[in-house]
Amino acid sequence: MSLFFLHPIFLFGLVAASLPLVIHLLNRRKLNRLRFPAVRFILLSQKRISRSYRLRHWLLLALRTMALVLLALLLANPIFQTGAGLFAGAGPVSLVLLLDNSLSMTWSGDGIGFKKAKEAARLFISSLNDGDRAAIIPTSISGKEPIRLKGEKDVLLKEIDHIEIAEGTANLSAALGKAYELLSDPAGQKEIRFISDLGLTGWDQFSMSSLRQVDPAVPLKAIRVGRKQPPLNGTVKEIRAVGQGVGVDLPLHLEAVVANFSDREIKDLLVQLSIDGQNKDQKLTSLPAKGETTVSFQTRLARAGSHIGQLTLKKDGLAGNTAVHFGLHAEDKLKILVVDGDPQTSLVQSETFFLTRALNPTGERESARFLPTVIIPEGLNAAALDSYQVVVLCNVAALPDGFVAKLQNYLRQGGGLLIFGGDRVQAEHYNARLGKILQTPIRDKKLAGEASGEKVGKFDLTHPALQGFSDTLLQESIKSARVWGYSRIAASGKSVLISLGNGDPLVMEQKIGPGRVIFVTTSADRDWNDLPLKTAYLPMVQSLTNYLAGGKRGILDGGINVGSAKEISLPPSYVGKTLRITKPNKQRSELVLGAAQDRAQGSFDDNDVAGIYRLSLAAGGDKEAGTPQLFAVNPPFLESRLDEISERELQAKLNPIRAEVVPVETLQQGGTRTDLALPLLGLLLATLLLEGWVAQRI
Amino acid sequence: MANREKNYFDPKVLAGISNLSLRARWVVEGIMSGIHRSRSKGFSVEFEEHREYSPGDEIRRIDWKALGKFDRYFIKEYEDETNLRAHLLLDTSASMDYTSDGLTKFDYGCTLTASLAYLILRQQDAAGLVTFSDRIESFIPPRAKRDYLPQIVHALETRRPGGETNVGKILEEIAGQIKRRGMVILVSDLLDEPAPILKGLRLFRFKGNDVIVFHILDQAELDLPFEGNILFEDLETANLNVIADPRAIRQTYRQVVEEFTNHMRKECHDSSIDYQLISTSTPLDRALASYLSWRE
Numbered sequence: 012m013s014l015f016f017l018h019p020i021f022l023f024g025l026v027a028a029s030l031p032l033v034i035h036l037l038n039r040r041k042l043n044r045l046r047f048p049a050v051r052f053i054l055l056s057q058k059r060i061s062r063s064y065r066l067r068h069w070l071l072l073a074l075r076t077m078a079l080v081l082l083a084l085l086l087a088n089p090i091f092q093t094g095a096g097l098f099a100g101a102g103p104v105s106l107v108l109l110l111d112n113s114l115s116m117t118w119s120g121d122g123i124g125f126k127k128a129k130e131a132a133r134l135f136i137s138s139l140n141d142g143d144r145a146a147i148i149p150t151s152i153s154g155k156e157p158i159r160l161k162g163e164k165d166v167l168l169k170e171i172d173h174i175e176i177a178e179g180t181a182n183l184s185a186a187l188g189k190a191y192e193l194l195s196d197p198a199g200q201k202e203i204r205f206i207s208d209l210g211l212t213g214w215d216q217f218s219m220s221s222l223r224q225v226d227p228a229v230p231l232k233a234i235r236v237g238r239k240q241p242p243l244n245g246t247v248k249e250i251r252a253v254g255q256g257v258g259v260d261l262p263l264h265l266e267a268v269v270a271n272f273s274d275r276e277i278k279d280l281l282v283q284l285s286i287d288g289q290n291k292d293q294k295l296t297s298l299p300a301k302g303e304t305t306v307s308f309q310t311r312l313a314r315a316g317s318h319i320g321q322l323t324l325k326k327d328g329l330a331g332n333t334a335v336h337f338g339l340h341a342e343d344k345l346k347i348l349v350v351d352g353d354p355q356t357s358l359v360q361s362e363t364f365f366l367t368r369a370l371n372p373t374g375e376r377e378s379a380r381f382l383p384t385v386i387i388p389e390g391l392n393a394a395a396l397d398s399y400q401v402v403v404l405c406n407v408a409a410l411p412d413g414f415v416a417k418l419q420n421y422l423r424q425g426g427g428l429l430i431f432g433g434d435r436v437q438a439e440h441y442n443a444r445l446g447k448i449l450q451t452p453i454r455d456k457k458l459a460g461e462a463s464g465e466k467v468g469k470f471d472l473t474h475p476a477l478q479g480f481s482d483t484l485l486q487e488s489i490k491s492a493r494v495w496g497y498s499r500i501a502a503s504g505k506s507v508l509i510s511l512g513n514g515d516p517l518v519m520e521q522k523i524g525p526g527r528v529i530f531v532t533t534s535a536d537r538d539w540n541d542l543p544l545k546t547a548y549l550p551m552v553q554s555l556t557n558y559l560a561g562g563k564r565g566i567l568d569g570g571i572n573v574g575s576a577k578e579i580s581l582p583p584s585y586v587g588k589t590l591r592i593t594k595p596n597k598q599r600s601e602l603v604l605g606a607a608q609d610r611a612q613g614s615f616d617d618n619d620v621a622g623i624y625r626l627s628l629a630a631g632g633d634k635e636a637g638t639p640q641l642f643a644v645n646p647p648f649l650e651s652r653l654d655e656i657s658e659r660e661l662q663a664k665l666n667p668i669r670a671e672v673v674p675v676e677t678l679q680q681g682g683t684r685t686d687l688a689l690p691l692l693g694l695l696l697a698t699l700l701l702e703g704w705v706a707q708r709i
Numbered sequence: 003m004a005n006r007e008k009n010y011f012d013p014k015v016l017a018g019i020s021n022l023s024l025r026a027r028w029v030v031e032g033i034m035s036g037i038h039r040s041r042s043k044g045f046s047v048e049f050e051e052h053r054e055y056s057p058g059d060e061i062r063r064i065d066w067k068a069l070g071k072f073d074r075y076f077i078k079e080y081e082d083e084t085n086l087r088a089h090l091l092l093d094t095s096a097s098m099d100y101t102s103d104g105l106t107k108f109d110y111g112c113t114l115t116a117s118l119a120y121l122i123l124r125q126q127d128a129a130g131l132v133t134f135s136d137r138i139e140s141f142i143p144p145r146a147k148r149d150y151l152p153q154i155v156h157a158l159e160t161r162r163p164g165g166e167t168n169v170g171k172i173l174e175e176i177a178g179q180i181k182r183r184g185m186v187i188l189v190s191d192l193l194d195e196p197a198p199i200l201k202g203l204r205l206f207r208f209k210g211n212d213v214i215v216f217h218i219l220d221q222a223e224l225d226l227p228f229e230g231n232i233l234f235e236d237l238e239t240a241n242l243n244v245i246a247d248p249r250a251i252r253q254t255y256r257q258v259v260e261e262f263t264n265h266m267r268k269e270c271h272d273s274s275i276d277y278q279l280i281s282t283s284t285p286l287d288r289a290l291a292s293y294l295s296w297r298e
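From first to last, the protein sequence lines stand for chains A and B. Count the first sequence with my numbering and you get residues 12 to 709, in order. Count the second sequence with my numbering and you get residues 3 to 298, in order.
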């Protein structure tokens, strides 16, 4: 219920209401003097009529003042609105309806808020008169949609019907910016109505400075779809994998951070984990008011590749996003071909003893990520390199004829090669046969006493192969090692990952196309160093092997927010290929991958629906093994926070725009709008008649 | 003086009154008095008093003996026996000095008084004059001499309005000085408390006088025709001021005035006193004619 004026400029005329009083005072000041004999009769007359005279006098003054007030109001043409605050019949109206379809609207109005919001929008559209135009802008817009003002009510009503909850945060900057853009041209009365739960999250991201144009003269009315009582509301804030990561047959440890946004404790909340549609685990927990807790799960993935994960919160009356999707890409066991160049009858003394234990500490096949297969150099020609992700040469004196070409081809296909030095390595042979692979010749061997070995000097922690070494304990561990024998090479600069205290390279890298080669200049066993006895040996071996295998570990993709862009990065073989993306609602989009930083990359921003987006090659080809086949999109977790922005905060956000907040409950069905000009005219005439009558009586 | 005298004795006024059988009225009055000894106009038979000479007096009436004794001119006054001894009482208080159309109540009262004196003297009756405000300003005893009129006129001409009104007290005072009954004609605006006025008038009646009251009011005093807010200042009483909107009080004012005049009229009637309300806008001849008609 409100009152507004079509021509408010005439309200300045209210100043004229003081004229009768001013005239009265002026008249009192300029009195005529008259010498008169019958003053006693005048006194007697005044005494008789004094009370009624004063009453009539003030009544007359009031009537004249009221007449002027009514005249000013009449010219200003007041319009009285009840209920919906419908629109004037005078002059065309250009109306922009902003309809909040963010996810929080799902829980507004005690569960029917969005329905109420759409009903209010329909009411506004239905109340338009001929010549009026309107536009419907859902707050989920990106700003690029071709929205325009139109006068066809049926079209506008259909547009309202088609607007659904967008599962994302309201893009208020884009929506309001579009509204002002639409209203920049039309003449006549302009209005913006924003139907929303006034959720705090949307306004957190809003800034007036993001609007290109603003017109404070356009009335902005916020129709608030509120709640009678704040509900229990919570959601999953984060899901992460801990431990060894994500792998086939490996223990999969997941941690979910569950947040409670309400002022009350949430008791007996059931958190359920399902993978590929099957319930895997569930936990019962409680959440303190405005607090959060971590819930742990453990499961196991039986096959390699992508899996769909979902965490569901189950609690009666719980509002908020209760189902969160995530993707799991399980890495298959990495097969490692280990060539022992110095085999011994005693395993402990063999060249590969420490290496194989570092790759598979338990020796069990099921729990291992790396499956090393040890052969002697004579078996190289017979080995099927394609079956292995990484080939490790440990103190191999020389490579068989024909194997070098086979190895080069393997590297060109993305394979990984790890070379350890040793006393058997023939530098001349390596320089001659593996010159294209090593690219840097081996100069000689440096051997010293065990007590006078070199310590490790520098680490290139920026290198992906050493990312796990940021831990100080690991660094101290590897720095405590002594290296007394190694092959000296002339490599330097970026290709050196670890160098000794004297500056000689200890670990260096070369790239052969997509393939990667790492040369460790010392031995894999204890012949030339005491590295195998150090804590850092196992992670170093696994990290280098993992890197050579493509740097791919099993991953948990917690997903992106609805509306955000998904950056897709695939092996370089995908450059130029078209990726087909199937959305949760079965809609399909295509994305052509470009080249960037030795990877095939693309950005997909049509993520307007929460759920699992599946990736496939448009041409029907198979994706390479080990590449993710899906990604998850979730509503922003803050969208489950149902706190409303206060009116004061809203005004501060919108400054200099003045917004009037109106509860949706006041939008009575069939709200009316009354032009008060005619009643005011009648009242004015009645006032003038009464004034005339009273004036006659004085 | 000639112009003023001409004003007072406008031939139209006097001719209008002569046509209204004034004579018949005097006859009736004479029957009621039982005495009608006037044989000739202006002829004296009984010495009454000396008075100081005033211009217009006949030279032959100067008392030469008195001149020799007092070295001042005195005129010997003789009392006539007439049908009527009329005392003309003229209110000269400040309230009479008001006009809304050029002729003040005082001027109107003087004209009326002089006209009445002329008529009375012309009938060889005795006419005297008393002018008063809150005290007696002048007292000219009634005489039936035809040349007495100039004295009355002179007294009227030399008198200017002023002072407050105290009609009741003055009437009592004059009543005490009138030894013989006759006629008392009061010309006043009566802007005073009614009770003392009526008391005084009744005193005249008690002494056997016929009493006629000419209540002179300006038309503006009757109608209050003014517009706009006005500060009314009383003519007689200093600091008696009042601000009023005449339009707002006009109706009530007229009621108040009407009640006052009605009250005076009724009380006079009850005491057998002739009462005539005359507006200064009323032509003098019509005022006299209507009065004489009523008297008749």
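Calculated directly from the structure, the hints in this document are not laboratory data. This one's a predicted model, so the numbers in the text were calculated from it and none came from an experiment. Among the hints, erroneous ones may be present.
[Said to hold, decoys possible] List time: in silico EDC-like cross-link candidates among lysine to aspartate or glutamate, alpha-carbon distance up to 20 Å:
(1) K41(A) - E229(B)
(2) K58(A) - E235(B)
(3) K490(A) - D471(A)
(4) K58(A) - D247(B)
(5) K597(A) - E175(A)
(6) K209(B) - E175(B)
(7) K201(B) - D247(B)
(8) K248(A) - D260(A)
(9) K169(A) - E130(A)
(10) K78(B) - D99(B)
(11) K126(A) - D141(A)
(12) K344(A) - D279(A)
(13) K664(A) - E676(A)
(14) K294(A) - D279(A)
(15) K41(A) - D247(B)
(16) K58(A) - E269(B)
(17) K58(A) - D65(B)
(18) K41(A) - E166(B)
(19) K129(A) - E461(A)
(20) K171(B) - E269(B)
(21) K545(A) - E461(A)
(22) K58(A) - E175(B)
(23) K301(A) - D215(A)
(24) K456(A) - E439(A)
(25) K469(A) - D482(A)
(26) K58(A) - E261(B)
(27) K232(A) - E658(A)
[Claimed, not checked] Some, not all, of what chain B presents toward chain A, calculated at C-beta under 8 Å:
(28) S97
(29) Y120
(30) L121
(31) S140
(32) I180
(33) D236
(34) A250
(35) I251
(36) V258
(37) P285
[Stated by the list, open to error] Cβ-Cβ distance ranges computed for the label pairs, FRET-style:
(38) L694(A) - P198(B): 21 to 31 Å
(39) I245(B) - L25(A): 52 to 62 Å
(40) A697(A) - K201(B): 50 to 60 Å
Ideal Cβ positions, reconstructed from N, Cα and C, are used throughout, including at glycine.
Consistency of the hints with the structure:
no.: 1; hint: K41(A) - E229(B); in the structure: holds (13 Å)
no.: 2; hint: K58(A) - E235(B); in the structure: holds (17 Å)
no.: 3; hint: K490(A) - D471(A); in the structure: holds (13 Å)
no.: 4; hint: K58(A) - D247(B); in the structure: holds (13 Å)
no.: 5; hint: K597(A) - E175(A); in the structure: holds (17 Å)
no.: 6; hint: K209(B) - E175(B); in the structure: holds (13 Å)
no.: 7; hint: K201(B) - D247(B); in the structure: violated (35 Å)
no.: 8; hint: K248(A) - D260(A); in the structure: violated (27 Å)
no.: 9; hint: K169(A) - E130(A); in the structure: holds (12 Å)
no.: 10; hint: K78(B) - D99(B); in the structure: violated (35 Å)
no.: 11; hint: K126(A) - D141(A); in the structure: violated (27 Å)
no.: 12; hint: K344(A) - D279(A); in the structure: violated (39 Å)
no.: 13; hint: K664(A) - E676(A); in the structure: violated (24 Å)
no.: 14; hint: K294(A) - D279(A); in the structure: holds (9 Å)
no.: 15; hint: K41(A) - D247(B); in the structure: holds (13 Å)
no.: 16; hint: K58(A) - E269(B); in the structure: violated (25 Å)
no.: 17; hint: K58(A) - D65(B); in the structure: violated (61 Å)
no.: 18; hint: K41(A) - E166(B); in the structure: violated (30 Å)
no.: 19; hint: K129(A) - E461(A); in the structure: violated (81 Å)
no.: 20; hint: K171(B) - E269(B); in the structure: holds (18 Å)
no.: 21; hint: K545(A) - E461(A); in the structure: holds (15 Å)
no.: 22; hint: K58(A) - E175(B); in the structure: violated (34 Å)
no.: 23; hint: K301(A) - D215(A); in the structure: holds (18 Å)
no.: 24; hint: K456(A) - E439(A); in the structure: holds (12 Å)
no.: 25; hint: K469(A) - D482(A); in the structure: holds (15 Å)
no.: 26; hint: K58(A) - E261(B); in the structure: holds (15 Å)
no.: 27; hint: K232(A) - E658(A); in the structure: holds (12 Å)
no.: 28; hint: S97; in the structure: holds (4 Å)
no.: 29; hint: Y120; in the structure: violated (27 Å)
no.: 30; hint: L121; in the structure: violated (28 Å)
no.: 31; hint: S140; in the structure: violated (22 Å)
no.: 32; hint: I180; in the structure: violated (28 Å)
no.: 33; hint: D236; in the structure: holds (4 Å)
no.: 34; hint: A250; in the structure: holds (5 Å)
no.: 35; hint: I251; in the structure: holds (4 Å)
no.: 36; hint: V258; in the structure: holds (5 Å)
no.: 37; hint: P285; in the structure: violated (22 Å)
no.: 38; hint: L694(A) - P198(B): 21 to 31 Å; in the structure: violated (57 Å)
no.: 39; hint: I245(B) - L25(A): 52 to 62 Å; in the structure: violated (31 Å)
no.: 40; hint: A697(A) - K201(B): 50 to 60 Å; in the structure: holds (56 Å)
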